[in-house]
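A.B. asks: For reference, the chains in residue letters:
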Amino acid sequence: MSDYLKPLPKPTPTSRPFWEAAKRHELKLQHCAGCGAFIYYPRPRCPQCMSAELNWERVSGRGTVYSYTIVRRASTRSFADGPYVLAIVELAEGPRLTTNIVAPPESVKIGMPVMVAFDDITPDRTLVKFKPA
Amino acid sequence: MSLKNNAAAIGIAELKPTKDAPPDATPLGLMAQLTADAIADAGLEKSAIDGFLVGMPVADPGFIYPASAAEVLGINPRMLNVVDIGGASPAGMIWRAAAAIGAGMCNAVLCLVADLNRLGDQRVPVISVQREFEAPYGNIGANCGYAMIANRHMFEYGTTPAQMAKVAVDQRRNALKNPLAAFGDRPLTIDDVLNSRMIVDPLHLFEIVSPCSGGSAVIVASPEIAKRAKNPPAWLIGAGEYSNHSSITYAPSLTDSPIRPAADAAFKMAGVDRKAIDLVCPYDCYTITVLVTLEDAGFCKKGHGGPFVAEHDLTYAGDFPCNTHGGQLSFGQPGLGGGMSHVVEAIRQLMGRGDGRQVKNAAMAYVNGNGGIMSEQVSLILERRS
Chain A
1 MSDYLKPLPK PTPTSRPFWE AAKRHELKLQ HCAGCGAFIY YPRPRCPQCM
51 SAELNWERVS GRGTVYSYTI VRRASTRSFA DGPYVLAIVE LAEGPRLTTN
101 IVAPPESVKI GMPVMVAFDD ITPDRTLVKF KPA
Chain B
134 MSLKNNAAAI GIAELKPTKD APPDATPLGL MAQLTADAIA DAGLEKSAID
184 GFLVGMPVAD PGFIYPASAA EVLGINPRML NVVDIGGASP AGMIWRAAAA
234 IGAGMCNAVL CLVADLNRLG DQRVPVISVQ REFEAPYGNI GANCGYAMIA
284 NRHMFEYGTT PAQMAKVAVD QRRNALKNPL AAFGDRPLTI DDVLNSRMIV
334 DPLHLFEIVS PCSGGSAVIV ASPEIAKRAK NPPAWLIGAG EYSNHSSITY
384 APSLTDSPIR PAADAAFKMA GVDRKAIDLV CPYDCYTITV LVTLEDAGFC
434 KKGHGGPFVA EHDLTYAGDF PCNTHGGQLS FGQPGLGGGM SHVVEAIRQL
484 MGRGDGRQVK NAAMAYVNGN GGIMSEQVSL ILERRS
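For the protein sequence lines, the chains are A and B, in the order given. Take the first sequence: its letters are residues 1 to 133, numbered as in the working numbering. Take the second sequence: its letters are residues 134 to 519, numbered as in the working numbering.
Chain A on its own, in the form it takes in the complex (with noise of 0.2 angstroms):
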């Protein structure tokens, strides 16, 4: 049994290959065959054009800050240990997600280029955050 308290992200049957290639250190986007979209979340088809044809693409792990917050009091008990930075990171790919930013939370701005860290947090499941690049 792990003691990693936090909640743990638990796959969908369209959500499983993101998961599966984070816990391989690798950052796979949905890419869409009828508009070239890349997807951020898993969908079950494209939320652009509706297309069904959606191919896993490994990406750069490159992007910047769009925005962030330090949490110094946390909404749930299990985030109380500490201040932590959350973020939305836009990818150069385009699409944005929320993470964390692995850095002294001073040191993070609006803007900052950053690079995906992955974070394998259970044996069997791995967080896609960012450090500085």
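If you're looking for bench data, these hints aren't it; they were derived computationally from the structure. Treat the hints loosely; a few may be bogus.
With a Cα cut of at most 35 angstroms, we get these calculated DSBU-like pairs of lysine-lysine [what the hints assert, rightly or not]:
1) K360/B - K493/B
2) K434/B - K401/B
3) K28/A - K131/A
4) K28/A - K10/A
5) K408/B - K179/B
6) K179/B - K310/B
7) K434/B - K360/B
8) K435/B - K129/A
9) K109/A - K435/B
10) K152/B - K6/A
11) K435/B - K131/A
12) K109/A - K434/B
13) K408/B - K360/B
14) K179/B - K435/B
15) K137/B - K179/B
Given the structure is predicted, the values throughout are model-derived calculations rather than measurements.
Following the hints, put chain B in place on chain A, whose structure we already have.
C.D. replies: Frame of chain A; chain B shown alone:
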């Protein structure tokens, strides 16, 4: 069919929010009290209520909720529904009531919300996508999303913490005149706000709404009923609704909100200019929410919300009366009753029942309801006819 002048609010009821949940209180118990108070305020017999829109209480949720609540209250509705668009639900109820009345489905709709503050530790989101892609990173509850909006607004437009704090300060001055406000006992200064504990940068404790117990009700009625009502009716003359995301991460912009299309639709329906508005009641779960609402609803230029609130007096006696009940920041947030507080205050002011905080000659009010993290938006324009 336009909703303009199809229906009017003729009765209101509101409980003073409390921080704790009284041990013997239940959401249905509060709803029963509010229903009795609202029909008495409207001067109606309960049998006249033939439409029922209700909010799902977090403290006592259930499936097939409207009929079970209606049964408890002894109401036999010709139209019944839960409205489930977060904090925008109460404002959303008002135009849905008017639409049902205009379509001839019913004549007097009870719009009802009540809840108890028993949430305590914020639970993991019930929305499965957010449980999977937000909660593992600690994006739980609403604080983080609004903090990221505020940081981005400061980055794009140079908005300052003191400008945001001004919203809480002016609204507190309004709350001092509202006996129903949970936090209306002492004034607040900008320094008080900026020196209060930082919760999620850049938002301080006094910029964040406080969950409470309580509730409120509004009765929306047909023109035939409204014309012989005991209160001066507050007519719905404009309404608009819009949503373009659930999690703020997937919104097109953090600072350009879906309020804009909702407000534009409401003003287009009403056929009035922003300058015709005598008071505004924007949803204020956080100080930043008010700035973004004033911008996107067209009361000031995009990005100028900070200087706008700094330069205007937002009190009931000021040049831009805003949330004259104190806003949720000072009134408290009794579940969906937080969102209803803006609707109730607009109606109260238009009825001339503002007592010590009455806005002089208040004839037209703008209300915005906001759900989730700037997700669901409902704008209303209400008018008192002379």
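A.B. asks: If a hint holds in the structure, say so; if it does not, say that too.
C.D. replies: Each hint tested on the structure:
Taken as a hint, the K360/B and K493/B pair is honoured in the structure, with Cα atoms around 23 angstroms apart against an allowance of 35 angstroms. With a C-alpha separation of about 19 angstroms, the suggested pairing of K434/B with K401/B holds against the 35 angstroms cut-off. The hinted pair formed by K28/A and K131/A meets the criterion: a straight-line CA distance of about 18 angstroms does not exceed 35 angstroms. Under the criterion of a C-alpha separation no larger than 35 angstroms, the hint pairing K28/A with K10/A is consistent with the structure, at around 17 angstroms.
Among the hinted pairs, K408/B with K179/B is inconsistent with the structure: their alpha-carbon atoms are about 39 angstroms apart, more than 35 angstroms. Proposed proximity of K179/B and K310/B is supported: the alpha carbons are some 32 angstroms apart, at most 35 angstroms. Between K434/B and K360/B, the direct Cα distance comes to roughly 39 angstroms. Violation of the 35 angstroms bound is thereby established for this hinted pair. A distance of roughly 32 angstroms separates the Cα atoms of K435/B and K129/A; the hinted pair therefore holds under the 35 angstroms criterion.
For the proposed pair K109/A and K435/B, the alpha carbon gap of about 23 angstroms is at most 35 angstroms, so the pair holds. For the hint pairing K152/B with K6/A, the CA-to-CA distance comes to about 28 angstroms; that is within 35 angstroms, so the pair holds. As the CA atoms of K435/B and K131/A are separated by approximately 32 angstroms, the hinted pair is consistent with the 35 angstroms bound. Between K109/A and K434/B, the direct Cα distance comes to roughly 26 angstroms. Compliance with the 35 angstroms bound is thereby established for this hinted pair.
For the proposed pair K408/B and K360/B, the alpha carbon gap of about 27 angstroms is at most 35 angstroms, so the pair holds. For the proposed pair K179/B and K435/B, the alpha carbon gap of about 46 angstroms is over 35 angstroms, so the pair is violated. With a CA separation close to 26 angstroms, the supplied pair K137/B and K179/B stays within the 35 angstroms bound.
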